[in-house]
Amino acid sequence: MLNMDIVKAGFIQQHLGGSLMQSLQRLPGVKTIGIGSGQSKPLIRGLGFNRVVVLDRGIKHEGQQWGADHGLEIDQFTVQEVEILKGPASFTYGSDAIGGAVNIKRPPLPAPQTFGGDINLIGKTNNNLLGTSINVYARTQRWMTTARFTLQDYGDYRVPADRLYIYDFAVDLYNHYLRNTAGRETGLHLNTGYIGDRVKSIFYLSHTYSKTGFFANAHGLEPRQVDVAMHDASSRDILSPYQRVNHFKALNHTSFQINQHQLELESGFQNNVRQEYNHYVNHGYMPAIYPDSLGIPRNLERAFDKQVYSLHLRDHLQLNEHKVEFGLNGELQHNTINGWSFLVPAFNQQSWGTYIYDKWNLTQKLLLHGALRYDHVHLAMKKYTDWFPSATTINGQTQQEYLVRADNINRSFNSVTGSLGFNYNTNRWELKGNIGKSFRVPIAKELGANGVNYHYFSYEKGNTYLKPEESYQLDLGAAYDNAVVRIQLNPFFNYFSNYIYLNPTANHDYFYGAGNQVFEYAQARVMRYGGELQVKYQPWENLSTEVLGEYIYAKQLSGDKKGYTLPFSPPASVLFNITYRPAHTGIFTNTYLSVDYRVTAAQNNIVPPEKKTDGYTLLNLQAGTRFLIQEQQAELSLQLQNALNTRYLSHTSFYRLIGLPEQGRNLVLSLKIPFSFKQATQP
Amino acid sequence: MKQKQLLTSLLGLLLLIAACSKKDQDAIDTTYPEIDVLTAGAFPKQCSEVQRGQSFTARIHASDNKELGSVSIDIHHNFDHHSHSTEVAGCNMDAVKTPVKPMVLIQTINVPGGQTSYVAEQTIHIPADVDAGDYHFLIRVTDKEGWQTIKGLSIKIK
Chain G
1 MLNMDIVKAG
11 FIQQHLGGSL
21 MQSLQRLPGV
31 KTIGIGSGQS
41 KPLIRGLGFN
51 RVVVLDRGIK
61 HEGQQWGADH
71 GLEIDQFTVQ
81 EVEILKGPAS
91 FTYGSDAIGG
101 AVNIKRPPLP
111 APQTFGGDIN
121 LIGKTNNNLL
131 GTSINVYART
141 QRWMTTARFT
151 LQDYGDYRVP
161 ADRLYIYDFA
171 VDLYNHYLRN
181 TAGRETGLHL
191 NTGYIGDRVK
201 SIFYLSHTYS
211 KTGFFANAHG
221 LEPRQVDVAM
231 HDASSRDILS
241 PYQRVNHFKA
251 LNHTSFQINQ
261 HQLELESGFQ
271 NNVRQEYNHY
281 VNHGYMPAIY
291 PDSLGIPRNL
301 ERAFDKQVYS
311 LHLRDHLQLN
321 EHKVEFGLNG
331 ELQHNTINGW
341 SFLVPAFNQQ
351 SWGTYIYDKW
361 NLTQKLLLHG
371 ALRYDHVHLA
381 MKKYTDWFPS
391 ATTINGQTQQ
401 EYLVRADNIN
411 RSFNSVTGSL
421 GFNYNTNRWE
431 LKGNIGKSFR
441 VPIAKELGAN
451 GVNYHYFSYE
461 KGNTYLKPEE
471 SYQLDLGAAY
481 DNAVVRIQLN
491 PFFNYFSNYI
501 YLNPTANHDY
511 FYGAGNQVFE
521 YAQARVMRYG
531 GELQVKYQPW
541 ENLSTEVLGE
551 YIYAKQLSGD
561 KKGYTLPFSP
571 PASVLFNITY
581 RPAHTGIFTN
591 TYLSVDYRVT
601 AAQNNIVPPE
611 KKTDGYTLLN
621 LQAGTRFLIQ
631 EQQAELSLQL
641 QNALNTRYLS
651 HTSFYRLIGL
661 PEQGRNLVLS
671 LKIPFSFKQA
681 TQP
Chain A
1 MKQKQLLTSL
11 LGLLLLIAAC
21 SKKDQDAIDT
31 TYPEIDVLTA
41 GAFPKQCSEV
51 QRGQSFTARI
61 HASDNKELGS
71 VSIDIHHNFD
81 HHSHSTEVAG
91 CNMDAVKTPV
101 KPMVLIQTIN
111 VPGGQTSYVA
121 EQTIHIPADV
131 DAGDYHFLIR
141 VTDKEGWQTI
151 KGLSIKIK
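Chains G and A, in that order, are what the protein sequence lines are. Residues 1 to 683, numbered by the working numbering, are exactly what the first sequence covers, in order. Residues 1 to 158, numbered by the working numbering, are exactly what the second sequence covers, in order.
Everything labelled a hint here was simulated from the structure, so no lab data went into it. Please note that the accuracy of each hint is not assured.
Computed list of lysine to aspartate or glutamate pairs in DMTMM-like fashion (alpha-carbon distance at most 20 Å, straight line) [what the hints assert, rightly or not]:
1) A:K144 <-> G:E610
2) G:K562 <-> A:D29
3) G:K382 <-> G:E321
4) A:K144 <-> G:D305
5) G:K562 <-> A:D94
6) G:K461 <-> G:E520
Here the structure is a predicted model, which means the values were calculated and not measured.
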């Protein structure tokens, strides 16, 4: 088994951040690529974007995860249990799980003959967030329904700075507010289904919506002069530039029990629509005045619409000491684009894979496991021609040309992957090792990008001839536990024979690139290693201390950036924790007081276009308790994040390149009050 | 006893890994190229004025610790006061106006190989019929490794 962390809803409640991944980034080896106070996506052992799969209730979550300004469209209040797999997991989750997986489990079913729910109230002082998440459940013996509604509304977030410099351009902040970083989000969820003795089938419907502003004084790397009076009139309004993201899901999970077989069928439809709104700016050769005849809304800079149909069939089989899982995955994707700015072509994608996974209990202490998988992916990109002409000079004559940015291109990929490993458990020791090959097929952006990303002053150029990424990884794990001390060490070594990355070249392109620096997709050999160390020491029942450390090193071994690291490499860090759980607190139970002190090293190992990031220390405090309201256990959690109001930069933030500091001091309050109309009868 | 040995060797391995990583960080170049817009020969400078129907020579003073890559220049209107300017001193700006025929110029200037310091020169003709007013003169310089430095100057076309 791979190195895995399991987190329950209580952890998320205790460490509640602005988004799911921000709540989980306390875990060693888990970081985020964040944008603003409410959005982030996973970065596992330094790999993110399309190298981490997020599995939501059995189905791969598909958004626009290739984008740095994209956040994971998951309502964190729905999450009851999540598994974080640190390491390549392609053999069960397919392409993209080359760096790891975040597996959000199906929520547990309500107990039979119950009817109740809970209300969660959330408040945060830094961005003046107000939120609520209301959950209702009901179940007869065989039928169940649960529903949830989440609403969060927050203002601009505050940083410990009065003045920022974007390049040398000075930006004065009004009352420490980062202009236009406010947002609001809603989540609607309905689950319903039948629970039989042999057959179980549950439908999951959900819709999440968010509207968030981008920092007004810079869009990407480009400094902007803004109407300060207009922006500072309210810290809660969302003006240009901003993005709107809708994500709809309809999933089903059905399982049957037939003899020794347990069959599971997971199917789903998803629709992700991301729209980026911005004032029209005539970059490069675009006309000075926006034409009315274009048929694209004047403020719609980019839009991506993704429709995904997924199917996953699994059979679990117990054969003596063997536990065998056989699976089939299929996915159909239909992607369209809109907006006056072009970056990635529209495309269709079909993929399917099949795998077999065997767990063999050789002895009581020793378990061997192995997996083998085959995948086929077909991608068809659509032609795109600029809506405006670009100028070129041929033999002294200036000519105008409508550039073809992308052609109709088809690519197919096949791949065979596998893994082998062992687990050895004694009373106090747990040792494990795993060696495996994983893969990832190039995405449409890597194959077909051919446009100027004006947020980065970069002309991004895809490469149709890219091969699927292949990765070989050795994972080791050793844990020792004697009830007072628990020590766990998880080192890894990873080799990519052809890692795909966006290489900033020395060249500028005046025609396709409108004078911008050429960033070209290329492949290189890459070596990575690192690991996590976790030590927990509990001398007394009510006091425990914890040390969580993480370290990653990456180096490109060939190509144009030989010797450099990979982009978004998180710096080493160590977290020290002390938790006190008083035993006798009267009407209050499960009370805790906890201090997290994180020391993060500087990141000087960088690759163009990154900047070196200084080290920093952060202090977070958590406290919580439970008490009875109407015979129901209410849960109160308090957090003081960045207690010392430290000014620091996060190396993996979207806003790092323009030097925006992270959120200042933030008091987070959350209160969860359950209610019940009908309780399960005690047997 | 055995357990202690195992634990010690595992911690030793971790230290070894951490020690190995220090080695070759000095070998890579992490220095951005530089653009000197203040030096005597550089043109245009912040708030420079150029005339319609005439030509001027842009002189970009670029340097890098190892080797320069290329230079790109871009002239576009700033009638909406959108500010790419990276220079601290503001210039006297005309009122905000709607462009009719703004000048657009995008040009790349090749730098010969092996240069650590280079003055890129380019003659630029300003057509007589373009809109007069506030413009940005954007300079982008890369080095061989792909580091890029950008300078944005405010200029006026008279």
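Results for each hint:
1. A:K144 <-> G:E610: 15 Å, holds
2. G:K562 <-> A:D29: 11 Å, holds
3. G:K382 <-> G:E321: 50 Å, violated
4. A:K144 <-> G:D305: 38 Å, violated
5. G:K562 <-> A:D94: Given that 20 Å is the threshold and the Cα spacing comes to 49 Å, the pair is violated.
6. G:K461 <-> G:E520: 5 Å, holds
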